[in-house]
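> One-letter residues, chain by chain:
Protein chains: 2
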Amino acid sequence: MGRTLTYPKRQANTVNRYKHRATYDLGAIHSIVNASQVLHVSFNPGPDDPFPTILPMIGQMGSFDYPSAGIDEPQECYLHGYVSSRIMNLARNAEAGEGLPICIATSKVDGIILSLTPNSHSYNYRSVVLHGYAKLVTSEEEKLWAMKLITNSVVTDRWDNSRVPPDRAEMSSTVILKVAIVDGSGKIRDGGVSDERKDTGNEEVTNRIWTGVVPVWETFGDPIPSVSNKISEVPDHITNFIAKNNERNRDYAQRAVHITLPVEEQH
Amino acid sequence: MGRTLTYPKRQANTVNRYKHRATYDLGAIHSIVNASQVLHVSFNPGPDDPFPTILPMIGQMGSFDYPSAGIDEPQECYLHGYVSSRIMNLARNAEAGEGLPICIATSKVDGIILSLTPNSHSYNYRSVVLHGYAKLVTSEEEKLWAMKLITNSVVTDRWDNSRVPPDRAEMSSTVILKVAIVDGSGKIRDGGVSDERKDTGNEEVTNRIWTGVVPVWETFGDPIPSVSNKISEVPDHITNFIAKNNERNRDYAQRAVHITLPVEEQH
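Read top to bottom, the protein sequences are chains A and B.
Every position in the first sequence, counted from 1, becomes a number in this note's numbering once 60 is added.
Every position in the second sequence, counted from 1, becomes a number in this note's numbering once 60 is added.
Calculated directly from the structure, the hints in this document are not laboratory data.
Please read these numbers as outputs of a predicted model, since none were measured by experiment.
Everything hinted at is true.
Just so you know, same-sequence chains aren't split out, so a pair can sit in one copy or run between any two.
With a cut-off of at most 20 angstroms between alpha-carbon atoms, the simulated EDC-like pairs for lysine to aspartate or glutamate come out as follows: (1) 208 <-> 259; (2) 304 <-> 278; (3) 69 <-> 85; (4) 258 <-> 220; (5) 258 <-> 230; (6) 69 <-> 109; (7) 304 <-> 293; (8) 195 <-> 125; (9) 69 <-> 132; (10) 69 <-> 108; (11) 258 <-> 227; (12) 208 <-> 296; (13) 290 <-> 264; (14) 290 <-> 263; (15) 290 <-> 259; (16) 208 <-> 230.
Between the sequences and the hints, there should be enough to build the whole structure, so can you do that?
And the structure:
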């Protein structure tokens with residue numbers, strides 16, 4: 061009861077700066093991942109390449125084995141995207157072992173913090189980093205389940221409002237990666253402007269420099285029907301999704317400004 | 061005259077799928093980087109760690125040695141962020157050699173493509189991946205130049221409208237990474253819905269499923285003054301920045317829907 065599951069702290073995922081903004085809670089971390097339209101996935105292409113590389117992918121947290129798992133309970137990350145043959149082959153070759161070591165990251169900017177001096181400028185934001193081992197999903201049943209999970213993350217209930225199930229060609233051309241999470245961490249910055257006393261106490265400065273926050277959020281516009289669309293009215297699952305997300309995004313960005321951190325935790 | 065500079069194609073940055081959306085043009089790639097509020101920077105923490113990791117950072121393309129270099133000419137990427145001691149030490153240790161091998165990525169979603177079947181769903185988007193070698197900026201003059209470049213990328217002209225120059229403590233606590241770019245690639249998807257003939261020719265499907273695009277863009281809200289702000293009116297450099305960016309972002313997302321690709325290039 062009241063138990064909060066957290067990811068283990070390893071050297072690689074321990075947030076050293078601004079500890080107050082760090083979170084290791086599964087619930088907070090999974091929520092940020094699920095609210096992201098795009099995830100950035102990093103992997104090492106091979107021993108001959110000195111550079112890690114990054115692919116943008118779509119993903120969601122979920123548990124196929126325990127579908128009733130809550131957002132604050134252990135889950136895997138399911139990824140879909142323009143899966144180059146590179147990461148597919150690497151993940152396929154890693155099937156025998158633990159899987160391909162990858163890093164998943166996402167960041168959302170919620171506001172621009174305009175302070176007296178450039179060094180005190182900042183963003184309100186939410187970011188997450190996960191490390192884990194990726195394998196291809198090979199079970200048809202699990203792949204179908206993951207495709208529905210990911211499609212519905214793009215627009216709620218879209219799966220049942222489109223032509224499903226996928227046919228045999230669609231199933232075999234779709235690649236889903238399943239990532240067993242090893243560790244994770246999140247960082248959240250909210251609140252207002254924070255300046256140092258050397259500037260707040262200097263009237264020459266405070267009398268000429270505006271300080272405050274510009275909230276930032278993602279807006280979904282009015283749906284534009286395709287030329288071949290035959291449905292006159294935009295369906296509820298789309299208008300509801302747009303209305304709900306626009307309100308949630310705007311509210312978050314505006315309310316984040318007014319959260320007051322203890323003085324020693326600001327900046 | 062009319063010359064277009066492109067990044068070299070290596071195996072690691074060659075876009076294999078949907079080639080028609082790939083770009084190697086310096087101008088297109090640099091513009092997407094500069095329009096991003098956050099960049100995702102990947103590096104390998106060390107030989108004992110199997111996972112690459114990712115940090116969110118703020119960055120801009122620029123050339124200190126050739127400050128008049130155009131957006132379509134060779135430039136370095138300057139990065140600032142919550143630089144953990146990890147990446148700082150790695151970059152510092154790499155000073156003697158080429159630098160720390162890193163990958164820089166960014167993605168912007170411009171619209172949700174709602175097609176007849178989940179497999180045809182897509183995003184309009186712009187994404188970039190750069191590979192390069194990172195070193196710390198050690199020259200005071202170059203660091204100050206990069207701090208101004210990065211501050212003004214957050215809000216145009218903010219540098220001259222804040223308390224500058226940074227004092228000695230601010231200069232020494234600021235770390236800027238300079239990345240010599242080795243290769244880069246971008247991907248751009250715009251246009252509308254694209255479905256396969258097996259579905260567009262099926263009236264049972266087309267009569268019940270709405271298809272179209274939901275444009276998506278980043279909105280900057282009304283500025284919220286801090287409790288200690290003494291300037292009654294929001295300055296022009298802020299209101300102009302907000303108005304210009306809101307219009308540009310919304311216009312891009314809405315116009316992207318109507319760009320028609322040749323049929324063989326769609327999807």
